[in-house]
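Position chain L against the provided structure of chain P, taking the given hints into account.
Here the protein sequences line up with chains P and L, keeping their order.
Be aware that the first sequence starts at 50, since it is given in this note's numbering, and climbs by one per residue.
Be aware that the second sequence starts at 9, since it is given in this note's numbering, and climbs by one per residue.
FYI, nobody ran anything at the bench for these hints, they're computed from the structure.
Check before you lean on any hint, since a few could be wrong.
[Unchecked claim] Examples of chain L residues toward chain P, derived with CB under 10 Å:
1. Asp129
2. Ala211
3. Leu233
[To be verified] Here are the computed lysine to any residue pairs in the SDA-like style, where the Cα-Cα straight-line distance is at most 25 Å:
4. Lys59/P / Ile171/L
5. Lys59/P / Leu274/P
6. Lys59/P / Arg268/P
7. Lys59/P / Ala102/L
8. Lys59/P / Leu143/P
9. Lys59/P / Pro79/P
10. Lys59/P / Ile97/L
11. Lys59/P / Leu100/L
12. Lys59/P / Gly59/L
13. Lys59/P / Leu74/P
14. Lys59/P / Pro275/P
15. Lys59/P / Arg335/P
16. Lys59/P / Trp337/P
17. Lys59/P / Trp114/P
18. Lys59/P / Leu271/P
19. Lys59/P / Leu111/L
20. Lys59/P / Asp98/L
21. Lys59/P / Gly94/L
22. Lys59/P / Arg341/P
23. Lys59/P / Ala95/L
24. Lys59/P / Thr331/P
25. Lys59/P / Phe109/L
26. Lys59/P / Leu139/P
27. Lys59/P / Arg156/L
28. Lys59/P / Leu107/L
29. Lys59/P / Val148/L
30. Lys59/P / Ile116/L
31. Lys59/P / Ser71/P
32. Lys59/P / Leu108/P
33. Lys59/P / Gly99/L
34. Lys59/P / Leu334/P
35. Lys59/P / Ala269/P
36. Lys59/P / Leu69/P
37. Lys59/P / Ala110/L
As the structure is a prediction and not an experimental result, all values here were calculated from the model.
The beta carbon of each residue, even a glycine, is placed where N, CA and C say it ideally should be.
Letter by letter, the chains look like this.
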Amino acid sequence: MSPVATRALKGALIIPLTALLSWVLVAALPLRTEGEAKTETLRSLQAQLEADLGLGQPLGFLRPWEKLLAGERLGDGGRSYTGAELMRALLGSLRIGALALLLSLAGGLLYAWALSRTAGRWVAVGLRSLPPLIYALPTFVVALWVARSTGLAVDDTEAWQYEPIAAAVLALGPAAFVGAVLAGALEEEARRPYLLAARARGLSREQAWWRHALPNAARAVLDALPPLATSLLAGSFVVEKLFHLPYFGYLYLDAAQHRQLALVVVATTLFAALLVSVSLGTDLLRSWWDPRTAAAEDAR
Amino acid sequence: MNRLRFWIGAAVVGLLLVASWLYEPLAAWEALPACPFGPDPTFPATDTVCGRTLVGLRRSVAVGLFAGAAAAGLALFLSLLGRWGGAWIDGLIARGADLAFALPDVLILILIAFVVGLLRDAHPGFRPDALLVIILSLTVVGWAAPTRMIQRRLSTLASQDFIVAARALGASEPRVLLRHLLPFAWDYVLAIFLLRVPATILAESTVSFLGFGLPPREASLGTYLGLNAVSLLRSEWAVMVPALVLLFLLVIAFQWLGEGLLGRVQERRT
Numbered sequence: 050m051s052p053v054a055t056r057a058l059k060g061a062l063i064i065p066l067t068a069l070l071s072w073v074l075v076a077a078l079p080l081r082t083e084g085e086a087k088t089e090t091l092r093s094l095q096a097q098l099e100a101d102l103g104l105g106q107p108l109g110f111l112r113p114w115e116k117l118l119a120g121e122r123l124g125d126g127g128r129s130y131t132g133a134e135l136m137r138a139l140l141g142s143l144r145i146g147a148l149a150l151l152l153s154l155a156g157g158l159l160y161a162w163a164l165s166r167t168a169g170r171w172v173a174v175g176l177r178s179l180p181p182l183i184y185a186l187p188t189f190v191v192a193l194w195v196a197r198s199t200g201l202a203v204d205d206t207e208a209w210q211y212e213p214i215a216a217a218v219l220a221l222g223p224a225a226f227v228g229a230v231l232a233g234a235l236e237e238e239a240r241r242p243y244l245l246a247a248r249a250r251g252l253s254r255e256q257a258w259w260r261h262a263l264p265n266a267a268r269a270v271l272d273a274l275p276p277l278a279t280s281l282l283a284g285s286f287v288v289e290k291l292f293h294l295p296y297f298g299y300l301y302l303d304a305a306q307h308r309q310l311a312l313v314v315v316a317t318t319l320f321a322a323l324l325v326s327v328s329l330g331t332d333l334l335r336s337w338w339d340p341r342t343a344a345a346e347d348a349r
Numbered sequence: 009m010n011r012l013r014f015w016i017g018a019a020v021v022g023l024l025l026v027a028s029w030l031y032e033p034l035a036a037w038e039a040l041p042a043c044p045f046g047p048d049p050t051f052p053a054t055d056t057v058c059g060r061t062l063v064g065l066r067r068s069v070a071v072g073l074f075a076g077a078a079a080a081g082l083a084l085f086l087s088l089l090g091r092w093g094g095a096w097i098d099g100l101i102a103r104g105a106d107l108a109f110a111l112p113d114v115l116i117l118i119l120i121a122f123v124v125g126l127l128r129d130a131h132p133g134f135r136p137d138a139l140l141v142i143i144l145s146l147t148v149v150g151w152a153a154p155t156r157m158i159q160r161r162l163s164t165l166a167s168q169d170f171i172v173a174a175r176a177l178g179a180s181e182p183r184v185l186l187r188h189l190l191p192f193a194w195d196y197v198l199a200i201f202l203l204r205v206p207a208t209i210l211a212e213s214t215v216s217f218l219g220f221g222l223p224p225r226e227a228s229l230g231t232y233l234g235l236n237a238v239s240l241l242r243s244e245w246a247v248m249v250p251a252l253v254l255l256f257l258l259v260i261a262f263q264w265l266g267e268g269l270l271g272r273v274q275e276r277r278t
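Chain P with its partners taken away, still in its complex shape (with noise of 0.2 Å):
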């Protein structure tokens, strides 16, 4: 079995590992308590472990996933949503995330640009500080005051407006980090002696750039996507949260401070899913662009 496929099952596998574990974690934790429940929050509790969770009843885990595919109902009270419509909830938060991530790529290549077009000029010196002081702005912060100028979704109709926003907020910090990466790799590039080669064959320092150093030191930036995508994800949370945009995150927020128990796992489910999803390709991605890679894998 090739190296791809064999880490592509090993991932595969954590996918219902997480869905087993996450059910296991809130089925263990002592929420019954004798005789009837008090308070309002311990019936929902209550009512959500046997009905959604299948807590005593045979192969119980799988139980809040054959209900998304039978179409009902999982969660509690308003709370409560049909498998269709986590999967636009989740798709909206894929649209924002897709974009984050073109955003991030052009702005981290538009930063490496510049700084090897300015380097040894004092505008390198303001160009690499960027990146720390970026790191040091959470992504709320950059939320909030984009959202003052912005505003925020007033209802769900509204809320495919303000992606593009969301999306370039949350692309910031990543964007910081990817031209950080990609940088170091064209500096260690242009350092070998294949460059030095294609320039004295006539090319000019542009093409050089952009036909030998960056395709090479890209294999950098395909290292970096997958903690890019655990970035996006983290930064998710906020800008849904900040913009009322009623997507995966807003959704996992709500219904982790609602105590909706079967919403909890199936989403944490699901972005284990994605992030391994996100994983596996970025190692189809490896392979293809530098079979070198590959290769290497195999002969270990």
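Relative to the frame of chain P, chain L by itself:
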């Protein structure tokens, strides 16, 4: 340059902490003018923006320092355990760290807050200290990256001649670890701890902002910003700007402190 960054970072952190420690007693003796930013919007009768942000800063620093120290200590312990236990245990710890590193801090912190909240609802007698819970939660999420860094550092040190010589002279594995490896890793561990502090402060401020951190009465800078987010949307700058500036300064200062120390360690190594 590294030395300068280290000292600037240390000076800024020191100044902020002194200001935060002195504010309450000086305000109590009425030795300070009235807070120029006005009363705190959440508790206008008892608190001012200055008091809430400076005390919040102290809580943010306390969370950062304790959780950072606990995470770095746990990472050091696991790395030493890995080296002592052999390749299999070392590999297992490394895989565990990789897995924990792959999940966003905020997601795990929300999950822990969710579980603690559930237990609090079900058992009215269960009232853990909020500060302790957030420090422990941040330790749970913060051990992975330092563990991988310390593992790599110990692995590099283990191949040095003086370690090989110590083994050849018959030193036992615990003695090699504690008497020969550890003294050379201390400065590195300290730098990692200092770098962990700003990351911890940022993670805490984000979960507190989202409503899963410290309660309003024991606000950190993140909780304060979360409680008053709407003030910025209404352009009430005076309520938000002091906390935003303090948070930014604090994170940058700790970053410089950690990076300065790490730079000096690396310079010394080369």
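To see whether the hints hold, each was checked on the structure:
1. Asp129: It holds, given that the least Cβ distance between Asp129/L and chain P is near 5 Å, below 10 Å.
2. Ala211: 9 Å, holds
3. Leu233: 7 Å, holds
4. Lys59/P / Ile171/L: Measuring from Cα to Cα gives roughly 37 Å; hence the hint is violated.
5. Lys59/P / Leu274/P: 19 Å, holds
6. Lys59/P / Arg268/P: It holds: about 23 Å lies between the C-alpha atoms, which stays within 25 Å.
7. Lys59/P / Ala102/L: 16 Å, holds
8. Lys59/P / Leu143/P: At roughly 24 Å apart (the allowed maximum being 25 Å), Leu143/P and Lys59/P satisfy the hint.
9. Lys59/P / Pro79/P: With a Cα-Cα distance of about 32 Å, the restraint between Lys59/P and Pro79/P is violated, given a limit of 25 Å.
10. Lys59/P / Ile97/L: 19 Å, holds
11. Lys59/P / Leu100/L: 15 Å, holds
12. Lys59/P / Gly59/L: 52 Å, violated
13. Lys59/P / Leu74/P: Holds, because 22 Å separates the two Cα atoms, which is no more than 25 Å.
14. Lys59/P / Pro275/P: This hinted pair holds, its Cα atoms lying about 16 Å apart.
15. Lys59/P / Arg335/P: 18 Å, holds
16. Lys59/P / Trp337/P: 20 Å, holds
17. Lys59/P / Trp114/P: Satisfied, since the Cα-Cα distance of roughly 22 Å is no more than 25 Å.
18. Lys59/P / Leu271/P: 20 Å, holds
19. Lys59/P / Leu111/L: Holds - the C-alpha atoms of Leu111/L and Lys59/P are around 16 Å apart, at most 25 Å.
20. Lys59/P / Asp98/L: 20 Å, holds
21. Lys59/P / Gly94/L: Judged against 25 Å, a Cα distance of about 24 Å means the pair holds.
22. Lys59/P / Arg341/P: Holds - the C-alpha atoms of Arg341/P and Lys59/P are around 22 Å apart, at most 25 Å.
23. Lys59/P / Ala95/L: 21 Å, holds
24. Lys59/P / Thr331/P: 15 Å, holds
25. Lys59/P / Phe109/L: 17 Å, holds
26. Lys59/P / Leu139/P: 24 Å, holds
27. Lys59/P / Arg156/L: Holds - the C-alpha atoms of Arg156/L and Lys59/P are around 21 Å apart, at most 25 Å.
28. Lys59/P / Leu107/L: 12 Å, holds
29. Lys59/P / Val148/L: 24 Å, holds
30. Lys59/P / Ile116/L: 22 Å, holds
31. Lys59/P / Ser71/P: 18 Å, holds
32. Lys59/P / Leu108/P: 23 Å, holds
33. Lys59/P / Gly99/L: Roughly 16 Å between the alpha carbons, so the hint for Lys59/P and Gly99/L holds.
34. Lys59/P / Leu334/P: This hinted pair holds, its Cα atoms lying about 18 Å apart.
35. Lys59/P / Ala269/P: Judged against 25 Å, a Cα distance of about 23 Å means the pair holds.
36. Lys59/P / Leu69/P: Roughly 16 Å separates the two Cα atoms, so the pair holds.
37. Lys59/P / Ala110/L: 14 Å, holds
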